[in-house]
Amino acid sequence: MGSSLFAGISGLNASSKQMDVIGNNIANVNTMGYRSAKIYFGDILSRSIAGGGQVGRGVSVSSVSTQFAPGSFETTANATDLAINGNGFFMVNDSDGGRYYTRAGAFHLDSDGNMVDVNNYKVQGYNFFGGDPNTITDISLQNVQSAPSASTTVSFGLNLDGETATGNTFNAAQTIYDSLGAEHTMKTTFQKTEESGFWSFQAYLDDIETTSQTYSGFKFDSDGVLEKLYDPTAAAAVGATNTGTGSVTTPPAYDNQGQLYQDGDVTLTYVAAGDSWTISSPEYANATVTTASATSLTIDLDGEGGKDMTLTLGGTGSILYDNNDTITVTVNQSATEVDPVDVSLTFPALISGATIGDSGVITWDLAGDSAEMMTGYASVSAVQSLTSDGYSSGILKNLSVTQDGILSGFFTNGQTADVGQVVLADFSNPWGLKRMGNNLFSGTITSGSAVQNIPGSAGMGDINPNSLEMSNTDIATEFINMITAQRAYQASAKVVTTTDAMMSELMNIKR
1 MGSSLFAGIS
11 GLNASSKQMD
21 VIGNNIANVN
31 TMGYRSAKIY
41 FGDILSRSIA
51 GGGQVGRGVS
61 VSSVSTQFAP
71 GSFETTANAT
81 DLAINGNGFF
91 MVNDSDGGRY
101 YTRAGAFHLD
111 SDGNMVDVNN
121 YKVQGYNFFG
131 GDPNTITDIS
141 LQNVQSAPSA
151 STTVSFGLNL
161 DGETATGNTF
171 NAAQTIYDSL
181 GAEHTMKTTF
191 QKTEESGFWS
201 FQAYLDDIET
211 TSQTYSGFKF
221 DSDGVLEKLY
231 DPTAAAAVGA
241 TNTGTGSVTT
251 PPAYDNQGQL
261 YQDGDVTLTY
271 VAAGDSWTIS
281 SPEYANATVT
291 TASATSLTID
301 LDGEGGKDMT
311 LTLGGTGSIL
321 YDNNDTITVT
331 VNQSATEVDP
341 VDVSLTFPAL
351 ISGATIGDSG
361 VITWDLAGDS
371 AEMMTGYASV
381 SAVQSLTSDG
391 YSSGILKNLS
401 VTQDGILSGF
411 FTNGQTADVG
421 QVVLADFSNP
431 WGLKRMGNNL
441 FSGTITSGSA
451 VQNIPGSAGM
461 GDINPNSLEM
471 SNTDIATEFI
481 NMITAQRAYQ
491 ASAKVVTTTD
501 AMMSELMNIK
511 R
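Here the sequence shown stands for residues 1 to 511, numbered as in the numbering used here.
Hints are computed from structural coordinates only; laboratory data are not their basis. Do not take every clue at face value.
Pairs of lysine-lysine residues, derived as DSSO-like cross-links and limited to a Cα-Cα distance of at most 30 Å, are as follows [said to hold, decoys possible]: (1) Lys38 to Lys494; (2) Lys17 to Lys38; (3) Lys397 to Lys38.
Using C-beta positions, here's what the derived DEER-type ranges look like [unchecked claim]: (4) Ile475 to Asn13: 21 to 27 Å; (5) Ala77 to Asp404: 17 to 23 Å; (6) Asn168 to Ser222: 56 to 62 Å; (7) Pro133 to Asp94: 20 to 26 Å; (8) Met507 to Ser46: 22 to 28 Å; (9) Ser16 to Met507: 24 to 30 Å; (10) Ser95 to Ile208: 54 to 60 Å; (11) Asn398 to Ser95: 26 to 32 Å; (12) Asp94 to Gln142: 27 to 33 Å; (13) Ile475 to Asp404: 32 to 38 Å; (14) Gly459 to Leu45: 37 to 43 Å; (15) Leu45 to Asn24: 27 to 33 Å; (16) Asn398 to Asn13: 51 to 57 Å.
Ideal placement from N, C-alpha and C gives every residue a C-beta, glycine not left out.
With the hints as constraints, model all of the structure from the sequences given.
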């Protein structure tokens with residue numbers, strides 16, 4: 001009967017320990033990343049009896065094993081709240097470099113830019129900025145910036161009023177960036193040069209005009225659709241002398257000869273066939289200009305004849321009278337008409353030493369579908385869109401995480417870049433891990449060495465961003481286990497009381 005008494009007591013102890021495990025599981029039913037435990041029992045062999053039989057002395061606790069079945073996921077608004085969908089553990093290091101493993105992925109960035117858990121232990125992974133991207137270390141996003149990029153391409157979406165008067169201008173300005181991220185204003189001035197849809201354009205960078213442009217004008221057809229570009233070509237010059245000052249602006253064309261009297265400087269501008277001229281002159285002079293369209297214009301500035309100048313042009317040109325009494329006539333070859341193509345705008349070098357565009361060249365995207373963004377309809381000139389590539393430097397504003405654990409940064413300059421990656425660890429025998437409290441585990445000889453890899457590879461689970469894995473405790477199962485533990489405890493207690501009653505009867509026999 002002594003054995004039965006000890007068996008009953010061992011049953012009481014075993015059921016009590018089972019209730020400890022069950023109670024702990026139920027207490028952690030809402031603990032993030034908690035792994036439930038299960039108790040296992042083994043019998044205690046007492047002695048062998050005649051005939052080869054054996055009599056036991058009760059029960060003992062063989063082991064308490066951690067259950068690694070997945071828990072349910074809870075959605076959160078924090079992009080750095082991470083859950084593992086499958087095998088693996090997050091790796092975190094304490095301030096002394098001690099390594100721990102956890103399924104609790106409630107992470108955030110501390111004041112130093114380190115990615116940490118609720119214990120302020122640093123999450124382990126790869127850093128893509130300022131470190132070896134192939135070395136597992138503390139994930140740190142301190143001083144992560146998006147480098148600037150110089151603008152190389154611009155495009156316009158605008159309408160130029162097809163009914164505006166010749167000579168009227170329209171300006172479109174947009175921001176572009178140099179290689180250091182500094183902002184510059186690129187302004188393009190469009191001027192109507194003929195009633196039949198001809199416009200010239202000149203680009204400026206911070207009010208300094210281009211040193212060259214592959215094209216300087218275009219033409220809209222009768223439907224307001226961009227039809228042609230005009231190519232300025234090389235020029236030849238001749239000289240003459242004159243004296244005096246004054247100005248006059250000629251109309252686009254004269255049917256007959258007439259007299260013009262100077263009053264100040266005169267500017268003569270010509271872009272294509274039929275355009276008007278402006279003449280800058282220190283004194284009266286006579287000029288005859290024949291354009292490519294064979295429209296002839298003779299100017300007698302003093303009304304007395306003399307110093308007659310006749311110029312027949314097959315394209316663009318200019319006449320300039322300088323302060324040294326020299327008349328310079330520049331005659332360009334005939335303007336070349338081409339279908340809309342990209343326009344190269346070359347700007348002077350920047351004082352800062354930074355570069356802009358591709359070696360100082362900005363490309364105006366005007367080919368293909370981009371040409372449809374330029375229109376010459378009979379409505380007010382207006383900008384629909386101005387776009388350019390390039391951007392200034394930017395600081396990290398927000399994060400997102402992909403299924404393979406890559407941290408994508410969103411920067412204040414509108415750019416995105418991968419800044420790091422979370423790395424997971426797994427074990428050949430995760431049941432051998434040691435609980436350290438605070439949802440942490442540490443490796444042991446029994447668990448084996450940690451195998452490290454990125455999420456979604458080599459058997460590792462995927463990352464669920466904006467999610468937290470909750471406890472894997474099944475409350476219904478725990479209630480059932482609690483009932484069985486209670487009944488086992490009651491039965492073991494009955495064994496003790498019954499054995500005690502039998503021993504009392506034995507004592508009564510002696511009396």
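Does the Cβ pair Asn398, Ser95 satisfy 26 to 32 Å?
holds (27 Å)
Distance restraint hint 37 to 43 Å, applied to the beta-carbon atoms of Gly459 and Leu45
Holds, at about 40 Å.
The hint says 54 to 60 Å between Ser95 and Ile208; measuring C-beta to C-beta, is that right?
holds (56 Å)
For Ile475 and Asn13, compare the CB-CB distance with the range 21 to 27 Å and indicate the outcome.
holds (26 Å)
Is Lys38 close enough to Lys494, meaning Cα to Cα at most 30 Å?
The hint holds at about 25 Å.
Please verify whether Lys397 and Lys38 have alpha carbons no more than 30 Å apart.
violated (45 Å)
Between Ala77 and Asp404, does the beta-carbon spacing fit 17 to 23 Å?
holds (22 Å)
Outcome for the supplied range 27 to 33 Å, where the beta carbon pair is Leu45 and Asn24:
Distance hint for Leu45, Asn24 holds at roughly 30 Å.
If you check the beta carbons of Asn168 and Ser222, does the distance land in 56 to 62 Å?
violated (19 Å)
Range agreement (Cβ of Met507 with Cβ of Ser16, hint 24 to 30 Å):
holds (29 Å)
Can you let me know if the beta-carbon spacing of Met507 and Ser46 is within 22 to 28 Å?
holds (23 Å)
Sort out whether Lys38 lies within 30 Å of Lys17, counting only the CA atoms.
Holds - the C-alpha atoms of Lys38 and Lys17 are around 11 Å apart, at most 30 Å.
Comparing the model with each numbered hint stated earlier shows that hints 3, 6, 12 do not hold.
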